[in-house]
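Engineer: Chains as they are written, first to last, in the numbering used here: chain X, 1 to 259; chain B, 260 to 531.
To be clear, the hints were calculated from the coordinates, so they are not data collected in a lab.
Predicted model only: the values in this text are computed from it and were never measured.
Watch out, some of these pointers could steer you wrong.
Listed below are the simulated DSS-like cross-link pairs for lysine-lysine, each with C-alpha atoms no more than 25 Å apart in a straight line [claimed, not checked]:
1) LYS103(X) with LYS121(X)
2) LYS430(B) with LYS134(X)
3) LYS229(X) with LYS186(X)
4) LYS430(B) with LYS103(X)
5) LYS430(B) with LYS18(X)
6) LYS229(X) with LYS121(X)
7) LYS526(B) with LYS134(X)
8) LYS256(X) with LYS18(X)
9) LYS215(X) with LYS4(X)
10) LYS109(X) with LYS122(X)
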Amino acid sequence: MEGKPKITVDGLMKAFYKKQGSVIALEDISLTVDEGEFVCIVGPSGCGKTTLLRILAGLEQPSVGSFTIATETNDRPLQSMVFQERGVIPWLTVRENVAFGLKMRNLPKAFITERTDFYLKKTGLERFASLYPKELSGGMKQRVSIARAFANDPEILLMDEPFGALDEQNRFILQEELLSIWAETKKTVLFITHSIDEALLLSDRILLMGAQPGKIIEEIIIDMPRPRKMEDVRKDPEMAAKFIDIWRHLQEEVLKSRE
Amino acid sequence: METQELARNESFEVEQREWKLRQRKERGKQLLTIVSPLFLLVLWEVMSRTGILDIRFFPPPSTIVQTFYDMVVSGVMAKHVGVSLYRIFIGFLAGVIPGIIVGLLMGLYSPIRHFVQPIVMALMPIPTLALLPIIIILFGIGDLSKVVTIAGSVFFPVVINTAAGVLNIDKIYLDVANNYQTSQWNFFFKIALPGALPVMLEGIQMGQAIALLTIVAAEMMGATSGIGYLIWTSYKAFLLPEMYVGLILISFFGYLFSLILRALQNKLLPWR
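The shape of chain B in the complex, shown without the other chains:
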């Protein structure tokens, strides 16, 4: 009995040591993740200060941070960011909502799918940005033309993913719905919509990324404010720190929106 007890304790100890070792390795990996961007920034700082990098094209990060701060204090930042976020938000909704509706209709009714699919497929490869001159002529150089451009770009991934989401619902759930005499209305809200939601949200996530790409380009042409305008005018005036601030803003909002949508996804799909 005594020896058995000892052997047990020993095996626990062995496993504990193994566990601690694994923990230490895990922490090491986390550290690497934090260190890598910092390393890049320090390298950049040193290289541009020592003249290895041309300071005119690659101003040191400390200068960019200073510019960032100045722009926040002067209120220039708030103006550009506010305008861009407003356009992104409205344009995003104006693309996502019709995208979901048309996508659901395509997924649920095959005649609609057969009619709409070729149109969607033919229009999708055309970059909305290539249509920007026409959009500006039609909708002016104000917010509306940007909103339309973003909506046009966001619409396609959402439509396609929503339709695919409905079509990918396991047939057995359709049988269950039929067997339990589900009405059209209930079928739509209890089966089709929740069943399609995971794939649909992937499409919305893609649309979000596209919206950011689009706003920058759309504001470079025929705009008087916004993050894209900031990047473009700074670039033309050779104010590279300001331009970098614009790029950092885009990167920041892209990351932020991804996080928000992920959180939304977890909230909406508790059953996954």
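With the rest of the complex left out, here is chain X:
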């Protein structure tokens, strides 16, 4: 995993201006994510983790500071985002949703079909390809969202609590599916979650964020060998200790923000 840095964030600040009093959402965020690394950002709600992701996704501008995403070739998009459950476009079929990024880039038809088929198969959506999202369960919708992002073949993947709305069993299944696709493609992933379990299972490294103002307060390396299974993570005493460590930090942050 000793890669070169893929994402470099340098002294990033984000303030929101309001007449009644401005707030600092992100304070002096500096981080690097290496090529092929899976990094989770964990933090209490309102700590600005989604804002950070939206800035990296080009959906918002930083107030001060900058970030770079390293590129090798020009024909790849910089980043693609896996949105929360509502991010699947309801008036496009499953196939059209998965092909969305490719179509928007006006790639050759045959290429789009091949790539779309590949990821439809990979995510087990083949049978549902011609259905509209309303006919899918929450878990299936998120598979569409994941397939869409991977099919676009970006330099990095950004994921904004993609499994937040799912029930626990579905979440475990999708987490393991995500890991298996990721293991094949070796994409660099920045993943936001509020679930400690999820972060422990998925990450090479966890960044803990504190609230008000949002900043990174702790870095935890997860060196448990892959492939990982939920059962193994739950059984491992070292992971249990890490869980408690993270939980204490978060608890502190939550209490602090209540004062």
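Given chain X's structure and the hints, the job is docking chain B onto it.
Structural biologist: Just chain B, lined up with the frame of chain X:
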């Protein structure tokens, strides 16, 4: 084991009986829906034949049906209906198409919205029918003045619903479009138009109803044919069966157009 089997069968039977009962009630309700208009017609027939209703104002339905038949046979019907449908169709399109274009522009570009919105809001409450004398002076007493009147009435609900439809698109789809580097062109056809379509079609449905209301009134003034003209001249000549035929025609076409637009809606919005 044996007893368990029996208990199962019994529970199925109980549920089956319940189901049959519910079915019978459903059928009863459907029957009521069919009976109610028939009941009204029979009541009307009996009351006007027995003189409880004044036969001069309320000719019995059987007479109206006879008149209807005579008018179809003589070809008078086809002439009036054809003229009115032509005006409605052209006027409807002439109102809906600019309505959609202006509505989309308003929804997509906020400077345009801020500029156009007050004008639309100020003009909307003015009934196009109140402008009919001016419209007749400008466009004559032929088809054109009717078409303009209908277009003017249909335009407003379509504009407002189309703009609202665009503005109501969930912000997350705009984020998705941005994140996947959607061009202006694709954004318009893949996100804005389909996203706005459900609310837009509601506006078109409203426009359809307004078009029918408008044609009748527009043809009452400065016209020589059409369903509205038929109603108005029959009324003035005190030919009430003919007038009722005109009213029935309007009711029929209103219902028919609603059905057509609903079918279109289901066709255009398979994802709903």
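Engineer: Now look at each hint and say whether the structure bears it out.
Structural biologist: Do the hints match the structure? See the list:
Distance check on the hinted pair: LYS103(X) and LYS121(X) sit about 19 Å apart at the alpha-carbon level, within 25 Å; holds. Note on LYS430(B) and LYS134(X): the hinted pairing holds, with a Cα-Cα distance of about 18 Å set against a maximum of 25 Å. In summary, the hint linking LYS229(X) to LYS186(X) is supported, as the alpha carbons are separated by about 18 Å, within the 25 Å threshold. For the hint pairing LYS430(B) with LYS103(X), the CA-to-CA distance comes to about 21 Å; that is within 25 Å, so the pair holds.
Taking the CA atoms of LYS430(B) and LYS18(X), the gap is about 21 Å. The hint holds against a cut of 25 Å. Taken as a hint, the LYS229(X) and LYS121(X) pair is honoured in the structure, with Cα atoms around 22 Å apart against an allowance of 25 Å. For the hint pairing LYS526(B) with LYS134(X), the CA-to-CA distance comes to about 16 Å; that is within 25 Å, so the pair holds. Simply put, LYS256(X) and LYS18(X) have alpha-carbon atoms about 23 Å apart, close enough for the 25 Å limit, and the pair holds.
A distance of roughly 24 Å separates the Cα atoms of LYS215(X) and LYS4(X); the hinted pair therefore holds under the 25 Å criterion. Simply put, LYS109(X) and LYS122(X) have alpha-carbon atoms about 20 Å apart, close enough for the 25 Å limit, and the pair holds.
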